[in-house]
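Student: Below, each chain spelled out in residue letters.
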Amino acid sequence: MRMTLESEYSPDADRIMAVSLGPQHPGAGHFRIRLWLDGDYVVKALPDAGYVHRGEEKMGEYRNYTQNVPHLERPVILDSSNILFAYSLGVDELMNSKVPPRAQYLRVIMSEINRIISHMYFIAIQGLFLGHTTMITWCMGDRDFWIDLGERIAGARVTFAYIIPGGVRNDIPEFAIEKGLKTCDWFEKRMGEYEKIFYDNPMVHQRSDGVGVLSRDDAIAFGATGTVARASGLALDVRKDEPYSSYSDFEFKTPVLTQGDSWARAYVALLDMRESIKIIRQALKGLPQGPVRLKLGPQPRVPAGEVYSRTEAARGEMSYHIVSDGSPRPYRLKIGVPSAKNLRALPHLLKNVHIADIPVIYWSLNYWPVEADR
Amino acid sequence: MVVAQQQKAGTFQVLVGKIDDVLQYAIGDPLRYLANWGRLYSLWPVHLETACCSVEVGAAAGSRFDIERFGTLEAFGSLRACDLIIVMGTVTRKLAPRLKLIYDQMAEPKWVIAMGACSITGGLYFDSYNVLRGIDDIIPVDVYVPGCPPRAEALIQGIVLLQEKIRRMPTLSGR
Amino acid sequence: MDRAKAIADKITSKHPGTKLEWVKPRRLKVSAPASMIKDVALFARDSLGFDHISTVSGVDWIAKNALEVVYFVGSTVPGQEGFVLALSERVPRDNPVVSTLIGVWRGAEYHERETHEMFGLNFQGHPDQSHLFLPEDWNDLPPLRKDYVSPGR
Ligand code: SF4
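As they're listed, the protein sequences go chains B, Z and R. For the first sequence, position 14 matches number 14 in this note's numbering, and the numbering has no gaps at all. For the second sequence, position 159 matches number 159 in this note's numbering, and the numbering has no gaps at all. For the third sequence, position 121 matches number 121 in this note's numbering, and the numbering has no gaps at all.
Treat the hints as calculated values from the structure; they're not laboratory data. Don't be surprised by glycine CBs; every beta carbon is placed ideally from N, CA and C. It is possible that part of the hints are untrue.
Stated by the list, open to error - No more than 27 Å apart at the CA atoms, straight line, and that leaves these computed lysine-lysine pairs for DSSO-like: (1) 64(R) x 24(R); (2) 10(R) x 240(B); (3) 98(B) x 5(R); (4) 18(Z) x 100(Z); (5) 44(B) x 179(B); (6) 295(B) x 24(R); (7) 98(B) x 182(B); (8) 10(R) x 98(B); (9) 64(R) x 240(B); (10) 110(Z) x 100(Z); (11) 24(R) x 278(B); (12) 189(B) x 98(B).
To be verified - Derived list of chain R stretches under chain B, where covered just means 3 residues or more per stretch with a C-beta under 8 Å from a C-beta of chain B: (13) 4-14; (14) 62-76.
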């Protein structure tokens, strides 16, 4: 087995040193960045992904549409509902099934809860990389209240497997509605405290203002999505652009910032969570009555066809390209994950920055290696 | 008289010959106990995230479960200072040589916790082309924590089990 | 649906070699022969506003002895964000050479690299086609080809 651990000087460019950051490094984690350094500055950076490549797309071709549910949520366990949401939308479209309205609302509720869970992890680790221990302690603890709420609705701790083709797996219990509303109230107050201690902190501003600036044009050219795009002034939000499920029923805004730096990318996450709270509240209050899933049976019949479905996941646009040939299993299942879409921006942002800024920029992209590698 | 002297010398020689056994009985046990007790509550895991189970490790280290209560510090960067690898899930073919390299670089004594179905048997990914079916082919495992992902409580239980194992470790050197 | 159809008509009338595969609400798929895909892509980006690459997918049509590569392109033009253009081309399986579209959508670079390693498609003009997700020493068939069988199966 050949391994590349470049750590030697190259003779022709004496000043430049090649270093490998990761995969075992507190600032990288399941990911490696190959760096070429000149003193304290990064000359060139190349991402080296694939440490968590598990071949989900090939596995998807071996399983039928129902069996695909559990393994498809594993790539992004932080955001497990949203990745299944896009899959379910795709299969629903292929099967031409009309999902009942109560299920549509429950899907939205779960998707927004997961968005908060994922963003909490994001800003917690962003705090860690900035040396802000309070943020990781608070956020990791508070995140668990949302996980608890999800557990009360779906029954599992992080891998909810709640949104499935044809609806949702089970109905929401009555007490979870009450608990959800209470959690929303509490969390709204809590977010004000985050803002005070983290986002308004002069230390945090110094470390992340103007660090890793992605311009709007570059964001378009690289195909950036989600928090990265919205921090660079690109108002992309699939929930608004093509209101899937029941998103057209709710009132919410798409937060957009224009600075495009690490601070803005972290702040967009907080603004996103504010909007999520609004959506969860409206959905919990206006939950329609009725069934929550269609009977599809263990081996759903899916007509031949091709579909490209997408949702707004926590990290950005989550899309599926599903090709069906009429057999019980997908002929092709392509998962277009937001982390992979944002990866192209990383080598661009890591040019001419200090070594100490690498973890901040890297994590501010909201990059989750497991999701990107699939 | 001569016979008695010879016998005495014999006993002495036997004593000298088995001096390490004697010492083992006299001070080895308390020393081992002391050393193991010292190791027990200061486990320091390597910061090696391998897959999605790392999220639950993060939750376990967070303020709700607070794994430090049980004498495990938060994940750390330097391999030389670490004595525990928590393999947080799937080990792919690309990561496997690196995992072995990391294990070999660590100083003895060292322990391994295999966390999650993936690192035990391959889990959900039993038919994937890029996933190792269990890490015990490449490194020895002390404690298995099943689950997909294991809850944070399960991880804590795994650590307590490992501590029990360390407490009863028969030798000073580790393995 | 109408608007997607209108966009598709613009492409097919401007480039007569292209074919409209299907059109759904907010989605359209256009296939082009390998020789003109770059022109079509440039036209879609500059005149129709499809400037935001979403992802690149591939399909192995083993029965028809063809490999298909599909570019999914979104738009950032206000009012058109919800539309996704799927631009596809087919090449024979035994000689899968396509030309890269990095010059049109820079963000396609890593997606093309992934499609290269997963399907064995050769993107001509691509700066770096080394493995992105597969291990460095992978020497089997590209895994997403239909004739590659996963060892666990
Ligand atoms: S055991 Fe489950 S949660 Fe853990 S790494 Fe494997 S798939 Fe992910």
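Student: Evaluate each hint against the coordinates.
Tutor: Hints and how they fare:
1. 64(R) x 24(R): holds, 25 Å
2. 10(R) x 240(B): holds, 26 Å
3. 98(B) x 5(R): holds, 24 Å
4. 18(Z) x 100(Z): violated, 39 Å
5. 44(B) x 179(B): Violated - the C-alpha atoms of residue 179(B) and residue 44(B) are around 49 Å apart, more than 27 Å.
6. 295(B) x 24(R): holds, 26 Å
7. 98(B) x 182(B): violated, 32 Å
8. 10(R) x 98(B): violated, 32 Å
9. 64(R) x 240(B): Measuring from Cα to Cα gives roughly 39 Å; hence the hint is violated.
10. 110(Z) x 100(Z): Within the cut-off at roughly 13 Å; holds.
11. 24(R) x 278(B): Status violated; Cα separation ~31 Å.
12. 189(B) x 98(B): With Cα atoms ~38 Å apart, residue 189(B) and residue 98(B) exceed 27 Å; violated.
13. 4-14: violated (count 0)
14. 62-76: holds (count 4)
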